[in-house]
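Enquirer: Chain by chain, the residues:
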Amino acid sequence: MAAIRTQKEIRQRAPIWLGILLLTNLVIMAVDARDSVTRQRLLRVWVQALVSPAQSLSSGASGASTSFFREIVNFRQTAGENERLKEDLATAQLDLRKAQQANVENERLKGLLNLKEQTGYDQVAARVIARDSSIWFNTITINRGSSSGIALNMPVVTGGGIVGRVIALSPWTAQVMMVTDEKAAAGAIVGQLSGSGALGSVRGLGNSGLIEMRYVSGLQNVEVGNYILTTGQDGIYPPGLNVGEVVQVKPGTATQPHQILIKPGAKLDQLEEVAVLLYRPPQRAAPEQTLPNVDKTKK
Amino acid sequence: MPQLKIAAALAVAIILQLSLGGIWPPLSYIDFPLVVVVYIALQRHAWQALIVGTIAGLAIDAPSRGLIGAGGFSKTLTAYLIYIAATRVNLENPLLRIPVLAAAILIDSAIYFFWHRSLGYPPSMPFMQTISYRLIGTTIVGTFALYLLDSLFTERARQRRTFASRRKGARRGPSTLRRR
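Which chain is which? The protein sequence lines are Y and E, in order. Number 189 in numbering that gives the first Met the number 0 belongs to position 190 of the first sequence; there are no gaps in the numbering. Number 87 in numbering that gives the first Met the number 0 belongs to position 88 of the second sequence; there are no gaps in the numbering.
Be aware that one or more of the hints could be misleading.
Stated by the list, open to error - Covered stretches of chain E, going by a simulated chain Y footprint (3 or more residues, C-beta under 8 Å):
#1 45-54
#2 57-68
#3 78-86
#4 98-107
#5 116-129
FYI, nobody ran anything at the bench for these hints, they're computed from the structure. Please read all numbers here as calculations on a predicted model, not as lab measurements. Glycine is no exception: its CB is placed at the ideal position from the N, C-alpha and C atoms.
So that you can see chain E by itself, here it is in the shape it has in the complex:
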């Protein structure tokens, strides 16, 4: 079932990425698929993160003028680096995720740009300007998106929700029974 949830989250992220730019072009600076990739890598799911990175990258490359595979390469490598970091350092703290997300955007953009430059497809947009907008947009929206994914996915969040209703019942317990 977690695989289904991951697939659904990825599909939503790709649809958002493809459609939001049409509504208001600056929204295309937010890299929703990368947020999902970072989230899965932070959960230390190695192969899921790598596969999701490849699929997300290829899905965004396909309708683009850029090289097909460059986004897949950059997102897969980014996923692996985040996974390695998450297995060595505790990145559970929500505040720590902000610099991780920012680093992921920088790595992803740099690798993507590098491949296009190397293979003779220099992007039309200025590197520094584009990377800055991506960094700002994706970090701000991504921080909230990570929190949302956290509350939907993790076992701890599910338990918190379950026990909240049980606690409510327990608090009501004896006095309510006596009245009956």
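Bound conformation, chain Y alone:
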């Protein structure tokens, strides 16, 4: 029988299979790593589109299992009481919890609605369906994609403040890099946009959950508790959005900038609903053609 292989044959062929599979993975990696003209990786779009139903399913399953375990805990708490009181109490607790959850959700959604009034930008509300599965990156996946009008680099916010920006898209999902990611950055200012000169840029610090603000002159007055707002100069976030609150300042000098740590205003570890601002930064003006260095022979 040709189909039956001996252990020796299998052992001999294993390196060939290994080579083929490693090469396949390498090719996939190479394609994924390459930036195309549109700055969006086609492979990622397809894969995300394929994976999104499974992610939604697993998100649903995790929600169901969470509520299942919560029910068990409730049952244990009331086990010592008599049957009638136990039923009444369980029902009351369940109703109360539902009401509290509805209240919290209501507050969150109200915050998102207020955000539209405050910022004046159109927005798409989205639900967080997954966190980064590989644990190495600070990203989340939301259940809205290019079919809802979302584009790459659009800012993602909650009522509390900025969450991050869209870095990958499929028609039905989008991947969001959070502001706490080491690669995330934004132009920011301490205090009011017009009332302060403490300009700088904020950058994530990985898994510490904090953000660092850089390049703020040591001569500027910065205190713990000050609010940080976006300036809009980064071409991603619109001006005036809340970034967070200063929690630590290492004062600088005339030649050294302050070292500032910020706690994000958005509760990034408890995200459930977010809003994607359909914001497109204003186009920057072309370089002045009358400058002496510009080649004028083309005219």
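Chain Y is already provided as a structure; the job is to place chain E on it using the hints.
Expert: Just chain E now, with coordinates in the frame of chain Y:
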């Protein structure tokens, strides 16, 4: 049929990996698909281990911000190295599986990290801290998971279950018959 069982175990591991992090984020440090890959490699099923390694890695890469293929590469290579070790050294002892599992986590994480660094996608999480949490979480949970997989998959476990009921019957045998 064993292929079906492997596919089912892998599917469960991937679902656990994708959903548990949502319930409690520290649970995402446990690499369930890697445990399945290590188990199959320890059974000396060469091509199954390699295929499962690739599928498990790609399934975890897909919804991640990391490079698609990096996890597939690291898990496939890890599967092969464990398979080679299992064909040369007897790793049937459950205690020996603990260091094997720990080594698999280290190899997998190191290769994954290496590719991201090399191709300009440095991970946001600190390497040592993440690898330590993965090592602790996956080794502890993985040791029990390997035992569970063992009792579900191996022929010896199946025989043990079958013969246990026969032995029970045999012990009851003559005296029960006489009473009838």
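Enquirer: Hint by hint, say whether it matches the structure.
Expert: Status of each hint after checking the structure:
1. Counting residues of the stretch 45-54 of chain E whose CB lies closer than 8 Å to any CB of chain Y gives 6, which reaches the minimum of 3, so the coverage claim holds.
2. Note: the stretch 57-68 of chain E has 11 residues with beta-carbon separation from chain Y under 8 Å; the three-residue rule is met and the coverage holds.
3. Counting residues of the stretch 78-86 of chain E whose C-beta sits closer than 8 Å to any C-beta of chain Y gives 3, which meets the bar of three, so the coverage hint holds.
4. Counting residues of the stretch 98-107 of chain E whose CB lies closer than 8 Å to any CB of chain Y gives 0, so the stated coverage by that chain is violated, three being the minimum.
5. Coverage of the stretch 116-129 of chain E by chain Y holds [criterion: at least 3 residues with CB-CB distance below 8 Å; count 10].
When held up to the earlier numbered hints, the structure conflicts with hint 4 and nothing else.
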